[in-house]
Amino acid sequence: MTATATPAIGRTARPAAGGALAGTGLLLRFALRRDRVRIPVWLAALVLGTVWPVTAFREVYPTEAARQAAAATMNSPAGLAFSGPAHYLSDYHYGSMVSHQVLGFLAIFVGIMSVLLVIRHTRAEEEAGRAELIRAGVVGRHAPLAAALILATAVNLALGLLLTVAVGSTGLEGVTWEGSLLYGAANTAAGITFAGVAAVTAQLTEHSRGASGMGLTVVGAAYLVRAAGDSADSGLSWASPIGWIQQTFAYLDDRWWPLLLNLSTAAVLTAIGFRLSLRRDLGAGMRAARRGRPAASPMLTTPLGFALRLHRGMLIGFAAGMVALGASYGTFLGDIEEMFRDVELLRNAMAQLGGATVTDLYVTMVMTILAIVAAIHVVLTTLRPRSEETSGRAASVLATGLSRTGWLGSHLAVAVVGGPVLTVLSGLAFAAAGAPVAEDGGLLGKLLAASAAYTPALWVTAGFAVALVGWLPRATALAWVLVAYAGVIGYFGMILDIPDWLTNLSPFSHIPRLPVDEFRWAPLLILTAIAAGLIAAGLYGFRRRDLDSK
Amino acid sequence: MTVAIATSGLVKTFGATRALDGLDLTVHAGEVHGFLGPNGAGKSTTIRILLGFIRADSGSVTVLGGDPWRDAVALHTRMAYVPGDVELWPNLTGGEIIDLLGRLRGGLNRKRRDELIERFNLDPSKKGRTYSKGNRQKVAIVAALASDAELLLLDEPTSGLDPLMEVVFQDVIREAKEAGRTVLLSSHILAQVEKLADRVSIIRKGRIVESGTLTEMRYLTRTSVEADTAAPVTGLDRLPGVHDAEVDGTRVRFSVDGAHLDGAIKHLSGFGIRALTCHPPTLEELMLRYYGDELTAETSGRPREGVRG
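Chain order of the listed sequences is A and B. Just so we're on the same page, the numbering used here is the position in the first sequence counted from 1, plus 575. Just so we're on the same page, the numbering used here is the position in the second sequence counted from 1, plus 61.
The set of hints was computed from the structure by calculation and includes no laboratory data. Take the hints with a grain of salt, since some may be wrong.
Here are the in silico distance ranges between beta carbons for each label pair [stated by the list, open to error]:
#	chain 1	residue 1	chain 2	residue 2	range
1	B	S186	A	A807	31 to 39 Å
2	B	K194	A	A631	49 to 57 Å
3	B	G76	A	W1046	48 to 56 Å
4	A	A1050	B	E239	47 to 55 Å
5	B	D175	A	S962	29 to 37 Å
6	B	R190	A	R854	36 to 44 Å
7	A	W1046	B	G241	37 to 45 Å
8	B	S193	A	T965	34 to 42 Å
9	A	I847	B	R190	21 to 29 Å
10	B	R116	A	S872	55 to 63 Å
11	A	V740	B	R190	20 to 28 Å
12	A	T965	B	A240	30 to 38 Å
Heads up, the beta-carbon is just placed ideally off N, CA and C, and yes, glycines get one too.
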């Protein structure tokens, strides 16, 4: 009898002992299965994001002299803020360039990937209620978070390995295998640190968007702290996880120990995450949800007021972010003339443009970037009705006296007005921050015109997205292709020689780049007409198709 | 009697799936019409056509005298809808959502709104994301009933409600009926439909297989009889319309078609009835009549001739 009783006790005792992590392996395999497309796409994008600039370096700075000139122009507060610590400039070969110019910037995206990955498998699952199904099985309390963190670690290790091979095999001058190994490891360490950040933010709030937002804010703050530290050459960079990985001076000094700071921070954050998760219920956050008004304001119950309410948070977030972005570009305006004076490439470009000043050229570059950020907002806003539809919320509203056109149109109105307003706001912030340092009184007027000129391109973006909602509702993700394409053309069009017909495919390429180009009505009117056509087609298509249900 | 909803020969396909296959549904104005069928029979698809969310491939449909696809907006101001799985905006409160839906429909009755919130014991100041499933349903039910809509389309409206709230719901629907409103109540909770519905339509595989008042439908099926007699009953097998007879000493149990009930009871009384229970068929039995073969086919793996006997 004892012989049969003992194993029975053992069976019941074991889950109680190792129970908190029970099922971790299974969840990990499940997560890999769910992300079998997502993870490779991220890895490919991040590796390409490194390899592309690295190969461009060879073309843009072919000689030792060109690289020294680059080092000299980089050695300004603005240059260092956009890249990394000044120490890299002491021996500016291709290896140093990669580490100096790419590492810190890439770490932002490694951080975004890690945060989104961890939140997706923890808080997002809880919010959707799927975690209850999982946790009701033989799955320990800590298993979902543990599986998410192991997944994030594995993905970051794979990324480090791929980067080592990709950069190391370019064989450029100064690119050693040891340096490449450290470069890869630095990316891994940054990713693991931000995964740890997400392990904490996932516990704090009930909804995944808030948890992701907090995590991404930490990533952004880490970059800004190191930018401020590096531009002033102060010790502030040591307060940032992205600063730490840049302090490895991969390819230059190859020192590994700063990564220990990343790893120990990740360990502490992970421990905090697990501790916090013990102090809350499944599905709950650390603080109770606030109550709201028991009745609606008259404003909310109009179609446009309702759409505005749904978009309010994002609109405010974008406005704050874009004003900050515009202002930070503006503060560098004083350095710009000096910074680019010696860059041959830009001098040639200016000559082609008939004697534009560096400041004017900088204005056009910045406005292109700001307009494309606004385009992201336009697409997010225009596609919101689609997610309302597939989540089943649209059905409640469309069963009332609100017409389909009125409903979709009110969301569209937020995009059509909001996108241009955001662009102009960021342009004005640029001018306000830049005017004192640039000593250019006409700056405000220039920026007002330059930013407002992008309005028709943003309208085409909204029109394209709404046409997809009306006619190809299952392919609305294609709207992002337009933004990504415009971004690539806008960004690399300044450096690389891209065929005209490729450039012309982007609506943003047709906007006169004020104040360098001359103002012309024709392209703006044509783009407006195209946008009107797309919007009309989208609204018509949406009126005549079946609504999708949940 | 005017007709609130009339469809004839409705067909709707989704890819290879034939969701509706010639659906004929008639709902009279002022009645509570039970719309019964298992999951996937086409109840929600029908309601989505009635709301003009989707368009039928063929067939005709009239709602409140209009075409729900063409006149959607005009008709919606006279209709209210409660989906079976209510999704709310996470950052709006229940009270805000009720007001929003009510006013977009063209106004809501403030007094009735507050009274319904009270009766359903709903906290209107909580955010949408914090409501339980049952409370989300309550938000949609209050929003629908606080309006003066003539026609209520309720698609399994009480899923997730507790039994107490189910009673409140039934009271509220009865009041709506007394106020002259028409209700299409899709459900698979038979007790609910039995208590509320004036007429019932049973849908199966995209077709209405039976439609009528419960009395009419019960007539079509059998009554269960149990009796204790002075002498053992014989000769039941020879009676028309009697099925599944079991005799155990002086106890007898059988079911009999409505038309032959009289004859069967006369036969029984010849043996000296000491105790007798008769009960009308429940909706469960009605449903089993139409789905019984499916159920047994699923469980035994082969189709059977049902309980028709």
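Each hint, compared with the structure:
1. As the Cβ distance of S186 (chain B) to A807 (chain A) is approximately 49 Å, the hint placing it in 31 to 39 Å is violated.
2. Checked against the hint of 49 to 57 Å, the C-beta distance between K194 (chain B) and A631 (chain A) comes to roughly 55 Å, which is consistent with it.
3. A hinted range of 48 to 56 Å is violated for the C-beta pair G76 (chain B) and W1046 (chain A), which are about 18 Å apart.
4. The hinted window of 47 to 55 Å between A1050 (chain A) and E239 (chain B) holds, with their beta carbons roughly 50 Å apart.
5. Between D175 (chain B) and S962 (chain A) the Cβ separation comes to about 32 Å, which falls inside the hinted range of 29 to 37 Å.
6. The given range of 36 to 44 Å is broken by R190 (chain B) and R854 (chain A), whose C-beta atoms sit roughly 21 Å from each other.
7. Separated by about 43 Å at the C-beta atoms, W1046 (chain A) and G241 (chain B) satisfy the suggested range of 37 to 45 Å.
8. For S193 (chain B) paired with T965 (chain A), a C-beta distance near 23 Å fails the hint of 34 to 42 Å.
9. The hinted window of 21 to 29 Å between I847 (chain A) and R190 (chain B) holds, with their beta carbons roughly 25 Å apart.
10. A hinted range of 55 to 63 Å for the beta carbons of R116 (chain B) and S872 (chain A) is inconsistent with their spacing of about 36 Å.
11. In this structure, V740 (chain A) and R190 (chain B) break the distance hint of 20 to 28 Å, their C-beta atoms being roughly 45 Å apart.
12. Checking the proposed 30 to 38 Å range against T965 (chain A) and A240 (chain B) shows it holds: the Cβ atoms sit about 36 Å from each other.
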